[in-house]
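K.L.:
Go by the hints and put chains B, C and D onto chain A.
Chains as they are written, first to last, in full-length UniProt numbering: chain A, 1 to 242; chain B, 1 to 289; chain C, 1 to 411; chain D, 1 to 316.
Watch out, some of these pointers could steer you wrong.
As the list claims (entries may be wrong) - Covered stretches of chain D (in silico footprint by chain B; criterion: 3 or more residues with CB under 8 Å from a CB of chain B, positions within the stretch not fixed):
| # | region |
| --- | --- |
| 1 | 170-178 |
| 2 | 235-245 |
Claimed, not checked - Short derived list, chain D residues pointing at chain C, Cβ under 7 Å:
| # | residue |
| --- | --- |
| 3 | Asn25 |
| 4 | Tyr27 |
| 5 | Gly34 |
| 6 | Ala88 |
| 7 | Tyr220 |
| 8 | Ile225 |
| 9 | Pro229 |
| 10 | Tyr271 |
| 11 | Ser273 |
Hints are computed from structural coordinates only; laboratory data are not their basis. Glycine is no exception: its CB is placed at the ideal position from the N, C-alpha and C atoms.
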Amino acid sequence: MSSHLQITHLRKRFGGLVAVKDVSFDVADGEVVGLLGPNGSGKTTVLNMISGALLPTAGEITLRGVRISRLRPDRIARHGVARTFQLVRPLPSLTVAENVLVSLAFGRFKHWGPDARDLAEEKLAFVGLGGRGGENVANLTYIDQKRMELARALASEPALLLLDEWLAGLTPSELQIGIDLVRRLQGAGMSVLLVEHIMDAVRALCARCVVMNAGEIIAHGPTETVLKDPGVVAAYLGDGHA
Amino acid sequence: MLIDTLITGLVAGGTYALVAMGLTIQFGISRIMNLAHGDTIIAACFASFILFSVFGLSPILALMIVVPAGYVLSDAIYRLIMRPLVARAPNAGALEVDSILVTFGLLFVIQGVLLVAFGGNYTGYTFLNTPVDLFGTIVAANRLLALFLALVFGITLIFVLSRTRWGMTLRAVSIAPENAPLVGIDINRAARTAFALGGALAATAGVVVSMYQTFTATIGVIFTMKALIVVILGGKGSLTGALIGGLLLGLVETFVAAYIDPGLTLAATYTIFLLLLILRPTGFFGQAG
Amino acid sequence: MSQTVLRRAFLRSVSAFGAAALFLSAMSEGATAQDDRTSVRIGYAVSLSGANAGGAGITTIPNYRLWVEDVNAAGGLLLPDGSRLPIEVIEYDDRSSSEEAVRAVERLATQDEVDFILPPWGTGFNLAIAPLMARAGYPQIAVTAVTDRAPEFVERWPSSFWLLGGGADYSTALAAVMAEARDAGAINNQVAMISVADGFGIDLVNAARPALAEAGFELVYDEVFPVGTSDFSTILNEARATTADSFVAFSYPPHTFALMQQSQVVDYSPPLFYLGVGAGFPVFQNMNAENVEGVMSLGGIDPNNPQNAAYRERHQEVIGAPADYWASVITYSSLQMLQQAIERVGLDREAVTQELATGTFETAAGTITLENNQLRDLWWVGQWQGGTFVGVAPTDREGASAPQLPKPGWN
Amino acid sequence: MSTTVAFILAAAALAGLAVAPLFLNAYGIGLLVGMTGYVVLASAWAMFSGPTRYVSLATVAFFGIGAYTVAVLSETLPYPLVLLCACAIGLTVALIVGLSTLRLAGIYFVIFTFGLAELIRQLVTWYEVNVTGTLGRYIFLPFEGIHIYWQLLALAAVTLLLSWWISRSRLGLALRAVGDDEVVAAHAGINVSRAKLMLFALSATIITLVGAIQAPRWVYVEPAIVFNPTISFLTLIMALLGGATRLWGPALGAVPLFLLFEWLSANFPNYFSIILGIFFICIVFFLPQGVLAKIEGLRRPAGKVPPEDKERSGAA
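Chain A on its own, in the form it takes in the complex (with noise of 0.2 Å):
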């Protein structure tokens, strides 16, 4: 069976600068992988590359079989990629039930009409903000924007969702409603890579990692094995982390 998402020899140049240097992986049907790695190591400039906010030098990604490393995000994005992005990024001046609308009415699908506002609705209330539509995204706390941001990416029901850090700056609390509900987008079939830092949600959710560092991959393969690589702990200590 071919793999979902197909990363082959992907590299990415910036000036002198080498982000990422030959990287493959690949993530099946239904699968949660983590892409780990300290910062600066290349793991949004990968993801940047899968959901086409840049170009790769050279290297090919594929969905399905399909080539999309060279075309345009919103291309991408109707082919079934959604993402969500390190650093919030609400649309101010729309309200909370227009920001999921407009990957509705634009992703796969193309909802547009009254069963557009029921579907974001829905979606909202998945997130676990029913009946909060009609609010300004500048009245959400963060975690809501978060959440607001998760139905965003899930309306434009995505074959692959890109989870950049989505689970950072969350408290404990807040943190286990994540991870329930990133496990029941598993549940419905959906593949996610998720690019994260929190060791227990990476447990928790993945079954596979692949670790990055200085633009490589040096670690790939089972959680559990992946994060007692004596070549992972070192990077992640080298770069300050525990």
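P.N.:
Coordinates of chains B, C and D only, in the frame set by chain A:
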């Protein structure tokens, strides 16, 4: 012929460089896109005219009065009008747009005051309109003075900005305004100084231009446009860029006039300007990104 | 935006339109009661600001103000019954925009209901208001409009008058002066000619090319430059490099000043040196002192005409600056024509129009009779001679000075 | 339904405005022409610049293209075809400009559009001088103020209707998203360039039509007359005064500001520039989001911040 065109172009470019330097400093460091720049120049033209025709003061001496006055007035304008805008702007982009709008109003105020004071007539006087032989090409001494002052002021300021502590402060604000406070820089003061410095440069340009060009209260926008082109050519905030961009503009206009068609000089300028905006909006000497 | 907000916004805008409508309804009444008049209302809209303020500020505005001052100092406009009524002026700024000029005239005609409307500055603006003036029955004594199509416009708008001739008049007269000078051996038969890329420059140059060719001249340099040009070094160097004895520039004031200055710098002083609009401005003489000697341009005056001398003195006295040598005196004279027409036939606009078309008037520019609503008796070419810009062509016109060529070199 | 009510009211207002000139003198009609012209210009400007926040100074470039097209073609083609040609030319130029510039952001877009008007003016001048050999052109169309007013009024109605329709359409949502955050919009599946291009072209076409409709009023047309940069700035400040993100905002800014200018130039002709300048500065200072937002802000219970205000005063 080629040498002739080259020298004439460079001398014409001296004026453009002088006219643009003030704008580039204000835009680059204070983040104010000052559409009233040309009208500041015209105000200085009138000041210099009055000093010359009423008080018999040589424009060279007038520089000593008009340039400091330009500094002080611009400083006051910054405190009064620009500072509140800077304070409320959430980001550089919003400030730039606000500054365009507010200085457009300022343009009308200055123009209106000049109209009331001097009427709409053509005004001018002659000073230093004497030929100078430059490598076999005859140029006007007053235009040569513009080139000379552009080079002296430009190079002095470039030196000051890159070598002195005070200059480093201004440059730090221009490159990374959000980080400047971290190293103890008073952004407000730096931006105000830069804006006032830009005003002083505009005043210099006004005094020099008044020596060889007739002016009316309403032609300021022509200078603003020229300065804008040079600033985009050279990259915002770059004095080196303004200097070289100004000379380049003079050369382009002169070469198009000499070798293509004098009717296309301005069209050529705008074409280069617009193409550059599309292809390399940071200019030849601007900071990338 | 929710529906209620939408509706509220809508209602608000309806009320705003309502307020505007109220403002407008005031427009439909207007001033009436012309009986028991205590003044003659005269209105005009000229460019007090914007791009045209420079031109209007030299030629039009000072003369309007001077005339009003003169008339009112004498107790007002004299009417046929011997009574006098002072002039009440309504002045608007058209901000150098055609649309504003049109609306200002509509306002003067239908809102202020003035007795007479003086024309704006510039060819385009005079054309813009012409249909309105004709429809409302106001005589339009256009001065600062140089157009070859005046006969056609007179047919279209019979109450319009065109007092400054057409481009072809100036060009053919110049060609005639040049031909005479060449035949006398003062200049050779080559010409370097430049013109500004604007209505006026194009009109003149289009007429000059065939006129010069017909007179047997060879155009060795012929370029058009954009209005925004400020540096003429290249053009002057190229003209100087030719063997032409004549340099002709159909230019606007800023170019005229720059050309004059820069030709002195590069020591380009051809035997015949002709510049466009601005060479007759006082500031031109102030800036160039005795170097103006011999420079040719449009317009001129008869230096021995006492009325003109008196006018120039008054202008200096009241306005505080000398009058220019081309259109100023015509502007003032056009007002004197209006004044005398009123004196003869009263304030009835139709009668005044008729009188303007057929009458003979004593003005600062001499005795004027219009031909087919146009002033044809004008100085087409003038030359600076002994500190005065005198008319040299038509050569057979009374008071014409003889052209002095070649022009002396720069000091 | 409140929408129905709003439509009935709007239709009634339109009918009222259509018969209004029958009771007015020429000056009253002249005011209506000027006012309606600016209502359309400001509304069309806000159609693109409001939601996307791209400040365009190209208004006069398109306005001038419209006027010039009429001047060139009015004697060779029937009038409706002339308008159609003007639309086509405006649209083509808008598409070319849009394709090449929509990558530019912020101040560079502003400067570009400012320069564009000048470039087009220079090219038209050069073409006329060198190819046709004339510069000024005459328009002798048998239109009086009232005819021009009716055309502009119809265009105003169409423009507002289009704005209303767009604001409720997918495209409107897309533009608001683009105005907030282009990156997020693109990742949500919006073809950002196409959305911007479509609106820019639509807005430019309407502006071109305004120039085309108004031109017969001036009889004589030359580049200096029709490419007057003040038009761009007045349009901009009118839209800002009323609020560029509201349907009625631009119209609400255009009407009072136009009347104010008229009053100023009649009563203080010599001080017009100064007062206009001060007024301009005051609008930027005190009403950066427009009158409508200000009024709504005052009515809104404390604590609830309208979205646009937050953008200006809050965190980036």
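K.L.:
Run every hint past the structure and note whether it holds.
P.N.:
Here is how each hint holds up against the structure:
no.: 1; hint: 170-178; in the structure: violated (count 0)
no.: 2; hint: 235-245; in the structure: holds (count 3)
no.: 3; hint: Asn25; in the structure: holds (4 Å)
no.: 4; hint: Tyr27; in the structure: holds (4 Å)
no.: 5; hint: Gly34; in the structure: holds (6 Å)
no.: 6; hint: Ala88; in the structure: violated (24 Å)
no.: 7; hint: Tyr220; in the structure: holds (4 Å)
no.: 8; hint: Ile225; in the structure: holds (5 Å)
no.: 9; hint: Pro229; in the structure: violated (10 Å)
no.: 10; hint: Tyr271; in the structure: violated (10 Å)
no.: 11; hint: Ser273; in the structure: holds (5 Å)
Checked against the numbered hints listed earlier, the structure breaks hints 1, 6, 9, 10; every other hint is satisfied.
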